[in-house]
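Peer 1: On the provided structure of chain A, position chain B as indicated by the hints.
For reference, the chains in residue letters:
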Amino acid sequence: MSVMTYRDAVASALREALDQDERVFLMGEDIGPYGGAFAVTKGFTEQYGKKRIKDSPLAESVIVGAGVGAAMAGLRPVVELMTINFSLLAMDQIVNHAAKIRYMSGGQFSIPLMIRTVTGGGASVGATHSSSFEGWYASVPGLTVVTPSTPRDVIGLFRSCRELNDPVLFVEHILLYGTRGEAPDNSDFRVPIGRADVRREGTDITLCGYSRMALIAEQAAEILAREGIDADVIDLRTLRPLDMETVFASVKKTHRALMVEETTRLGGFAGELAAQIQEETFDYLDAPVGRVAGAEVPMPYSFPLEQLAIPNAQTVANAARKIVNKL
Amino acid sequence: MLKADVPDLTKSDLLGFYRQMKLIREFERESERQYTRGNIKGFLHVYNGEEAIAVGAINTLRPDDYIVTHYRDHGQALARGMSSNEVMAELMGKATGCSRGKGGSMHLFSSKLNFMGGYAIVGGQLCIAAGIGLAIQYREADQVVLCFFGDGAVNEGEFHEAMNLAAIWQLPVIFFCEHNLYGMGASSKETLVMWDSLHEMAAAYGMSRYEVDGNDVLEVRALMQKINAEVRAGKGPAFVVARTYRLRGHSVADPANYRAEDEVRYWTGQDPIPRFRDWLTDEGIATVEDFDEIDAGVDEEIVVAAEFGESSPWPQPEDLYYGVYTDRPTEGIPV
Chain A
13 MSVMTYRDAV ASALREALDQ DERVFLMGED IGPYGGAFAV TKGFTEQYGK
63 KRIKDSPLAE SVIVGAGVGA AMAGLRPVVE LMTINFSLLA MDQIVNHAAK
113 IRYMSGGQFS IPLMIRTVTG GGASVGATHS SSFEGWYASV PGLTVVTPST
163 PRDVIGLFRS CRELNDPVLF VEHILLYGTR GEAPDNSDFR VPIGRADVRR
213 EGTDITLCGY SRMALIAEQA AEILAREGID ADVIDLRTLR PLDMETVFAS
263 VKKTHRALMV EETTRLGGFA GELAAQIQEE TFDYLDAPVG RVAGAEVPMP
313 YSFPLEQLAI PNAQTVANAA RKIVNKL
Chain B
7 MLKADVPDLT KSDLLGFYRQ MKLIREFERE SERQYTRGNI KGFLHVYNGE
57 EAIAVGAINT LRPDDYIVTH YRDHGQALAR GMSSNEVMAE LMGKATGCSR
107 GKGGSMHLFS SKLNFMGGYA IVGGQLCIAA GIGLAIQYRE ADQVVLCFFG
157 DGAVNEGEFH EAMNLAAIWQ LPVIFFCEHN LYGMGASSKE TLVMWDSLHE
207 MAAAYGMSRY EVDGNDVLEV RALMQKINAE VRAGKGPAFV VARTYRLRGH
257 SVADPANYRA EDEVRYWTGQ DPIPRFRDWL TDEGIATVED FDEIDAGVDE
307 EIVVAAEFGE SSPWPQPEDL YYGVYTDRPT EGIPV
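Heads up: the sequence lines are chains A and B, in that order. Quick note on numbering: my numbering labels position 251 of the first sequence as 263, and the sequence is numbered without any gaps. Quick note on numbering: my numbering labels position 112 of the second sequence as 118, and the sequence is numbered without any gaps.
Bear in mind the hints are in silico, worked out from the structure with no lab data behind them. Careful, some of the hints might be misleading.
Stated by the list, open to error - So the derived list for chain B, only partly shown, Cβ under 7 Å to chain A, looks like this:
{"#": "1", "residue": "R106"}
{"#": "2", "residue": "H113"}
{"#": "3", "residue": "F115"}
{"#": "4", "residue": "S117"}
{"#": "5", "residue": "I127"}
{"#": "6", "residue": "G137"}
{"#": "7", "residue": "L140"}
{"#": "8", "residue": "A141"}
{"#": "9", "residue": "E164"}
{"#": "10", "residue": "A168"}
{"#": "11", "residue": "N170"}
{"#": "12", "residue": "L171"}
{"#": "13", "residue": "T197"}
{"#": "14", "residue": "Y327"}
{"#": "15", "residue": "G329"}
{"#": "16", "residue": "V330"}
Glycine included, each C-beta is placed from N, C-alpha and C at the ideal position.
Extracted from the complex, chain B is given alone in its bound form:
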């Protein structure tokens, strides 16, 4: 792709994409550090290597569109505009987190951003996305739902249930598969019969289907602009497969030593951030000084986020019972 292929994007837009990708990467590095220090507990699934997808796809949405995603959700949350402060605080279980510390890393939510949640039962979120699509159709609105999941989710029965329902009712849902070649530690080559032509699975549902280089932010964006327009126009759901790679293990507890060295080397060479930086340089759009300035700003934001998370208060004991039901507390009720 050349600069001339994206005439609608200004230098500021393009550097904005770079900054978001860089922010996600540095956020994840910091979250790994905080995990090692014991400030983040439980599971932590980082997004390193897949940043071009969240940034390329989410930047094509309108504010009133919806996002539903999986448990590797920090990148999508940040790309949607959630602050690094509230995401970091959530990872640390603090009251200032985007889900008040109740959700954790895998369950980021923001009602004001129509960020409908990170879901950690693989495949379940596709059904929820179908339902949001149904609500849009019911209200005769022109929003879309962007639903992220990994290649592992394709093997769940809910993939079929949701794809079929969305297709038969022509719901405005974009099913977006981040095909990173692994479902936890299992290679998709050994678990998913259609692993090398995954987008073709949507043919069985008569659905529009696309494959894209998930490590190229401008390719992802260009494809998503086209798909959004079609889905928004009522042409039914679409299926997108973005080929990408997890540069880290499944979670930070996973050294990922089941992967071949040459495979890791190949994909490290496809890292979306240096690729985009090189492109911006080669096209004469940005200079070293531009990048240095952005990188410094990102570093500062991450330091602030970590401090915000660490200095934020824990939820109070009475918060334990807040939010189970809308209009009634559970405390004191012998249920």
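Pulled out of the complex, with its shape left as it was, chain A reads as follows:
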């Protein structure tokens, strides 16, 4: 194991793909000499050249659409949408084409396309740059949606995604690039797609989230532990396919559950999780399944307001405490 940043983990996964597979090329806005909006592809053009590191026009629809076409013709593109907010400009290509072509061609054409993008709020970049839309994409059959929260999972999931022949939305979090963690040195290491990670074992309540919110849930569990409440913390890691078995097993043990997510509650992904939990483990539950979600507002720019709009360890711990105290 070596320690690296989340940013370096993404860069190293990309380098590995470029080194191992001639069919892999990168395409996106400012990924070339600029080095990527989040400095992930710094030095890539110098190392791999312009043929494989394609700086594209500001044109999200053709970035994804051309990725789809190149994948149909036998390449394995890794395209970058600078943030998930901009993915709305490419949503037709992602949802109507990347996700559906395999099915509507009767299985004749696979789309081995990786779409990297960046989600999340908390970076003081305002309402149009702070959304968390990955839950929407998780509702689309044909897509695989992964949301790594650690350098280890970035590397392990990226490798697994490369081995798929289908389109993947690889969702990185804007606030995690500078975080550090252990990463595997073993080139055989994989994180299986559709397998949640139990980040902490406990018996009193299940806290479940993904991406940065899984880490927030873990911090909340530390607060709760000091009060004698022992929480199970689950990082879903992939939203489609979704590993509910791990969640059900946890809830059967703890009898209480709190879902944590960054986006708004109405229509959010946590609602789906809560629905599945009550369908499968109703008889085990000692309290209603709870949700902590983002405020029902466009993300405010002003720092104190933005902090109020995003769940944090304290708000998660408060919600968990209420559920545990409900007998």
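Peer 2: Same frame as chain A, but now just chain B:
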């Protein structure tokens, strides 16, 4: 054009073009009949009147070239060599259809013919065509991509995104606009500022641009031969506008009563099939007997296709989950 202008074409080649055009026309007539009988559901967009484009353009391609097209795609599929059986079966949603009944009329695909699909979100296929062009360039191959779309697609933002990308990277894509004067029911005269000099839009991308009589199969073919050679030689993308007309409505549900009678009369007189038949007769290439023989063969093929479609099995319930992902079924996975 005279026979002497196409010395490379034999009588058999020329009658082959006639047969393909006739096949497309009769296929569409049959598909309308089958729609009326309830054997074809949903949307059905027929190609009547535009046959010279598919036949003239596609016959200039190599088997390893690529085609990407729009939802009015039966004509291109047949011209590329998809059998009328598998296209008709697809329209009927049968398991024997070219897309196993999963795509329908608007989503015909054939990987073995490099027929990369009919697309029904207007303009989206231009981006996919650019990507296929990118793959060709990446592999340093000499194939071309022929991408069909209508004049309605020019108003989509993806037209600009794809044209600019193809031009800036010099991708081997032929953007082929079937300019039939209508985007669904809206006249291009009222929706597209450059409607009467549409090919000139490509000037903004520094792209080679051409306009052609889309109802003249030999003119379309001649132009496409020239363009193919240039694009194949690495001279970058090209933009072609073929002037044509939909002889039927947008879909079979559309009586097209928004069109002026004299306009319809004019274009009916430009019908590419009688025009080509007259030319073949006037040039002394074919006789009434030749046409009768071909027409009878086409009629027979259409009868067979309709029977094939009707007698083919439906997809099985387990097919519902086939093909969403490559290596994993979705059934049973709680996603």
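Peer 1: For every hint, state whether the structure bears it out.
Peer 2: Now the hints, each set against the structure:
1. R106: 3 Å, holds
2. H113: 5 Å, holds
3. F115: 4 Å, holds
4. S117: Because about 4 Å separates S117 of chain B from the closest Cβ in chain A, which is inside the 7 Å limit, the hint holds.
5. I127: Check passed: Cβ of I127 of chain B comes within 5 Å of chain A, closer than 7 Å.
6. G137: Since the shortest Cβ distance to chain A is 2 Å, the answer is holds.
7. L140: Since chain A brings a Cβ to about 5 Å from L140 of chain B, closer than 7 Å, the hint holds.
8. A141: 4 Å, holds
9. E164: Interface hint status for E164 of chain B: holds (5 Å vs cutoff 7 Å).
10. A168: 5 Å, holds
11. N170: The hint holds - N170 of chain B has a Cβ within 7 Å of chain A, the shortest such distance being about 6 Å.
12. L171: 5 Å, holds
13. T197: Result: violated, 20 Å to nearest chain A Cβ.
14. Y327: 9 Å, violated
15. G329: For G329 of chain B, the interface hint holds, since the closest Cβ of chain A sits about 4 Å away, which is under 7 Å.
16. V330: Holds: closest Cβ of chain A sits about 5 Å from V330 of chain B, inside 7 Å.
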